[in-house]
Each structure stands twice: as C-alpha cells, then as structure tokens.
Amino acid sequence: MKLPRLPLAFVRLLIQSVFLALGQIWARKGRSVLTTIGIVIGVASVTAVIAALTGLRANVLADFESIGANKIFVIPDWPDHGPRQHAPWKEIMLWPEQFDGLLEHCPSVQHFSRIDHSGTTARRGEDSLDVQLIGIEPPWHEIENRFVTAGRPFTLIEHSAARAVCLITAQVRDKLRLDRDCIGQRIILRNRSFRIVGIIEPAAALGIFGGGQRSQEVFIPFRTSYKMSGGPIYGIAASRSPELSEEAQAELRFFLRRQRRLQPGEPDTFRAEAIQKYIQAFMGMAIMITLIAGGIVGISLLVGGVGIMNIMLVSVSERTREIGLRKAVGARPSAILLQFLVEAVVLCLIGGLIGVLIGQGLTSAMAAIPQAKLHRAYIPMWAIGLSFGFSALVGIVFGMFPAIKAARLDPIEALRHE
Amino acid sequence: MMIRLENVTKVYRVGVERIHALNGISLEVAENEYLAVMGPSGSGKSTLMNILGCLDRPTSGTYQLDGKLLTRMGAGGLASIRNQRIGFVFQSFELLPRLNALKNVELPLIYSGLGWYSRRRRARAVLERVGLTGRMKHRPNQLSGGEKQRVAIARALIVNPRILLADEPTGNLDSRTSEEILALFDQLHRQGQTIIMVTHEEHVAGHSKRIVQMKDGRIWSDLPRHEGPPGSADSAGGEGGSP
Chain A
1 MKLPRLPLAF
11 VRLLIQSVFL
21 ALGQIWARKG
31 RSVLTTIGIV
41 IGVASVTAVI
51 AALTGLRANV
61 LADFESIGAN
71 KIFVIPDWPD
81 HGPRQHAPWK
91 EIMLWPEQFD
101 GLLEHCPSVQ
111 HFSRIDHSGT
121 TARRGEDSLD
131 VQLIGIEPPW
141 HEIENRFVTA
151 GRPFTLIEHS
161 AARAVCLITA
171 QVRDKLRLDR
181 DCIGQRIILR
191 NRSFRIVGII
201 EPAAALGIFG
211 GGQRSQEVFI
221 PFRTSYKMSG
231 GPIYGIAASR
241 SPELSEEAQA
251 ELRFFLRRQR
261 RLQPGEPDTF
271 RAEAIQKYIQ
281 AFMGMAIMIT
291 LIAGGIVGIS
301 LLVGGVGIMN
311 IMLVSVSERT
321 REIGLRKAVG
331 ARPSAILLQF
341 LVEAVVLCLI
351 GGLIGVLIGQ
361 GLTSAMAAIP
371 QAKLHRAYIP
381 MWAIGLSFGF
391 SALVGIVFGM
401 FPAIKAARLD
411 PIEALRHE
Chain B
419 MMIRLENVTK
429 VYRVGVERIH
439 ALNGISLEVA
449 ENEYLAVMGP
459 SGSGKSTLMN
469 ILGCLDRPTS
479 GTYQLDGKLL
489 TRMGAGGLAS
499 IRNQRIGFVF
509 QSFELLPRLN
519 ALKNVELPLI
529 YSGLGWYSRR
539 RRARAVLERV
549 GLTGRMKHRP
559 NQLSGGEKQR
569 VAIARALIVN
579 PRILLADEPT
589 GNLDSRTSEE
599 ILALFDQLHR
609 QGQTIIMVTH
619 EEHVAGHSKR
629 IVQMKDGRIW
639 SDLPRHEGPP
649 GSADSAGGEG
659 GSP
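Top line first, the protein sequences correspond to chains A and B.
Numbers 1 to 418, taken from this note's numbering, label the letters of the first sequence in order.
Numbers 419 to 661, taken from this note's numbering, label the letters of the second sequence in order.
This is chain A alone, in the form it adopts within the complex (with noise of 0.2 Å):
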C-alpha cells in the first residue's frame, strides 16, 4: 500500500478524512460518547492523579522551604557493604566529642548543633503531656530559624554547666495549663524539674508532616540532656549558603572520617545528608504513585481501546456498501485506511478532550476542598499532551484493525453487501 505520490495530496486527503470523520461522529453521536466512555474515565483519572500529585509536590516543596534548603543532617548509620555492616550500634552511633573543632575544619559550614532528641512525658502537678525533649546548642536557633519570643534564650553558662533549664512552646505551655507568663515556673522532666527560662516559637506548619505533633516540644541544654540519656545524638548544620551545601557536606564528611578513624576504601558509617535528599525521595515517591496511576490508567484505557475497536469495526461492516464505492472511484487502499484510521483517532481525542474537562472538574474540586490541603493542584501542560498523545495512541493501535480491514476489501464484494 503506497501513500499518494504528492505529500500535498497526501495532506488534502488527511484533512478530508478529519473532516469526513467529525462528520461519521457527529451522525452518530450519542453511539460515539458511549464509546469512548472508557478514554474519557483513563484520562480523567490520569489527569485528576497528576493534578493532586502536583498539588502535593508544590506543598512540600514549600515546606522543604520553610525547613530550610541549607540545612544538613548528620546522622548515624550502618553502611551497606564491608567489615562494619553488622558492627555493634557502639562503634556506629555518634558521640559528642567526634565534633569537637567542627566549625574550624569546616569552612563552609556556618552553624552547627549537636542534638539529642527523645520522647518524654512532661508534667506539672496533675497534668502531664507527651512532649518532644529536645537538647540543643545555642546555634540551633539560627539552624531551624526558631528564636525565643518570651522570656530568653539559654546562657552560655547553663549550657556548659548543664543546668536544669527549659524552653517550651506556648502550645506545651497551654496544654499543661501553665500561665500566661510561666518564665521561672516547673515542669517535670524525667523525674528531674526543670525551670522555663523562655517561650520558643513553633515550627512552621508543615502541610504533610502534621505540625500539630511536632510543637508539642520541651527544650533542654545538650549537655543536660546527653547526660540523663546518653544519647543517641545526631547533628544538624547549616552551610554558609544553599548553593555550598554539597562543599558543606563534602568537609563534614572529610572531617567525621578522620574523627572516627575510618580507613582511605572503607565505607561511612554516618550520613551527611542536606535536606534535597528528601525531597528526592518524596519526588521517587510520587513517581512511584504516578506509576502505579497510570498503570491503572493504562488497563481503562484498554478496556476503551477495545471499545473503540469494536465500534469502529461495527462502522466498518455498516459502511461495507461506501467503502465498496470509495474504492470505485478511485480510493486506493491507503486512503480508506487513512480514514478509519483518522476515525478512530478522531475518536479517542474527543474522549480525551472529555476526559481532561472532567479531570479539571475534579481538580477544581479537590482544590476547593480545604482539608485536602491541595489548594496549590492544577494539571500541568505536559499531563495535557501526554493524554491526548495517549488518547491517539489507543485510537491508532486499537483503530489499526479495523482500518486494515475496511482497506483489504474487495470492492466487488463491498458493492454487493446489503
């Protein structure tokens, strides 16, 4: 089967079979939306799915924001090959004198604390409250972007002698019916009292990590803390700008190697980590939904390919006598092929166009809910080419048959069928 000889005849007959097949469409309409049903609910969810996606993603991000883009993380861990894979926890956990000198070997880190984060259950007189407790050092302030808003910050003085001093954020505050104004008042600390020196202000609200959880934090001197619970700890960094990040990590590393005493070929045993891992991870993550969606997507658009096929088989053996007379007059098989072809694809368009009008219906929904947090949701352009490439695909691979089909047929034949 050859293609017209001229490209121009070639389009003009391309053009022709749009037309002629908005017109089969149009004769048949209510036929045709039934049809393509299956198109326009794989599009409508692929689309509605992305939409949430990129709701959620532009959430995060803005969290990841708040958090801070400089910010790194030093944490313990077990690498993944050699001698130390199975070691014992001692010879992996972090302890608080391998930081010592840090900031001087470490030029492009501005900031660091050393952390050791625990639960606990704080109480005052009959009330108690499940709280983070928290040992910090004075530059995590600066770290988290968090200041004392009441009252003041840690001395020098009581962080280096590891007095028993705290501070809390109003909601500890308000939920263990403290006053107003609690400077110098008690809580209970594990059996130990600690008086408020100060009100720390809460964390940014996170969309997708609860902030509700994370405000209810109790904050103690490091060393305080490291004393009571000997750990485990870990510490965070701020480098001097986000674009030193990977400098930061890169010295933090070079620097802990040497403090712990790890040999030139022998893997970490810690991590040094800036906040962008996460978000790549959240970003695996939501490729991996994206995935799973458009694997779902992909069986309803089968099933709607099939359907497609079907009606356009049912078209071919009802225009059996056209086909027969197309032929006659000159239609070489190429043509009637390009026609049902274009038919089909027409089809699946139009189901795909239908399917991306419901899926903005659905976003819009989803966005005007305020729980869903997915306010920031939209369908970007590329889910929009994606579903009508999509949408043709389905028409050209399952309209396939059917086109060969109305191509092959004899036209003797065709004239005769009733």
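Simulated from the structure, these hints should not be mistaken for lab results.
You may find that some hints are simply not true.
As the list claims (entries may be wrong) - Cross-link-like lysine-lysine pairs, in silico, DSBU-like; alpha carbons within 30 Å at most:
id: 1; chain 1: A; residue 1: K175; chain 2: A; residue 2: K90
id: 2; chain 1: A; residue 1: K29; chain 2: B; residue 2: K521
id: 3; chain 1: B; residue 1: K521; chain 2: B; residue 2: K555
id: 4; chain 1: B; residue 1: K555; chain 2: A; residue 2: K29
id: 5; chain 1: A; residue 1: K405; chain 2: B; residue 2: K521
Mind docking chain B on chain A? Use the hints.
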C-alpha cells in the same frame, strides 16, 4: 484501439467448485463507441464489466487500456486507473446518503488529491452538464430516481473518464425517466464519450451503436446496430459473430 481484451478468462472458486465466469473473451473497443453488452444472468456480463472497470483482474489473458497493460497492476495502481480513466454508473445509483449532490459528485476528485476549490468548481460544471443546476445542495433522499441517476452520472463524468461504464443504468427507473437518462447517454455519446453499458432490455440496447451478446462466459455475437428508431433495432442475432 482504446480497449483491447485478449483471450480473457475469469475463474472463481466457490468451495471446491471452479466456476468459469469468462471463457476466453477477446474484445476491442474504439474511441467514442457506444456499446451495449447483453445476455442472460450468469452469462458473465457483470464479470466483464468488473474487469473493464478495473475492479477485478482476469485469471488469464490481457487487458490493455490506451496501450497500457493493466493485467499485472497492483491494487493501488488499479485504483488510480479507476480514479482517472473510468466512470461508473450503477443500477442502484450508490450515492452516499449523508452527502448532498455536490459532495457526492466531488467524491472521485478527493482521491485525485484536488483542492477544495477546484473540486467544487468542476462538480458544479458537471452537474450543470447533466441538467441538475437547481439541485446541487439536495441530499439523495430529496431527489427523484432520475435525478439520483443524473448525480451518479455527473460523479462518473467529473474525472473526464476515457470510458463510461454503466451497469443497468435504467434498471431502477420508470420508463419515462429511463428515456430521459438514455437521452442523456445519447447526448454524451454525441459529445465524444465512449460508453459501455450492460443491459438486458432491448429498447435500452437500442440506443447503442454496437451490441455484444454474451452467453456462458463467451461472446455469442458482436454486431453493429443498424440505424433506425430505438426499439425496432435488430433482434440480437443467433447466427454470425464469434462464438
């Protein structure tokens, strides 16, 4: 010679049986001839028409049109021949019901790769030629039988075909309308059109200038029709010709 068939046979397989629809037909048709092919049903006249119209290929033998050997052509090549050199007129008109007269007439030109404007212009001209000036925007169900056949003839003429092939063109028409259509054929013939028509009606064949009688897949007689009033033409002879 414009058309030259040499020893053409056509064998169909129906199950295990082989049906010899054409048994060695040799036929020559010159430019501007007006030929009627007659014969009882099953005599092979439809098969002959299909082969002449390039809708079918002979099992053996050769078919030359304007000196061009068509026997070995592929489906695409035959489609172009049909598109550019042959005009079909069918007994049941075969108009597409959803298209108006103009669009029905344009149909062959779509497959010639012609643009919209020249298609429309030629379709108008040819519809005027068959006397349907006022009916161009009508759909087939708004046209009478005679008008439908005029549209079909216009569709056949739009490509300026070398041969106009008509298969029982008046078979679905009343006698008065039949005469009008036959008068149109006569007029086209006078204008130089080569016409080959299949019919089993004497008075229809009476309009032609040459009558080929077929029987059992062979040409039984091939005689020029003597001039005279239509209907009183020679009753197709049994003697002579080429059995």
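Cross-check of the supplied hints:
1. A/K175 <-> A/K90: Outside the cut-off at roughly 37 Å; violated.
2. A/K29 <-> B/K521: Within the cut-off at roughly 22 Å; holds.
3. B/K521 <-> B/K555: Answer holds: B/K521 to B/K555 is near 9 Å, not above 30 Å.
4. B/K555 <-> A/K29: Given pair B/K555, A/K29 holds - Cα atoms ~24 Å apart, limit 30 Å.
5. A/K405 <-> B/K521: OK: A/K405 and B/K521 at ~25 Å, within 30 Å.
In the structure shown, a violation is registered for the earlier hint numbered 1 alone.
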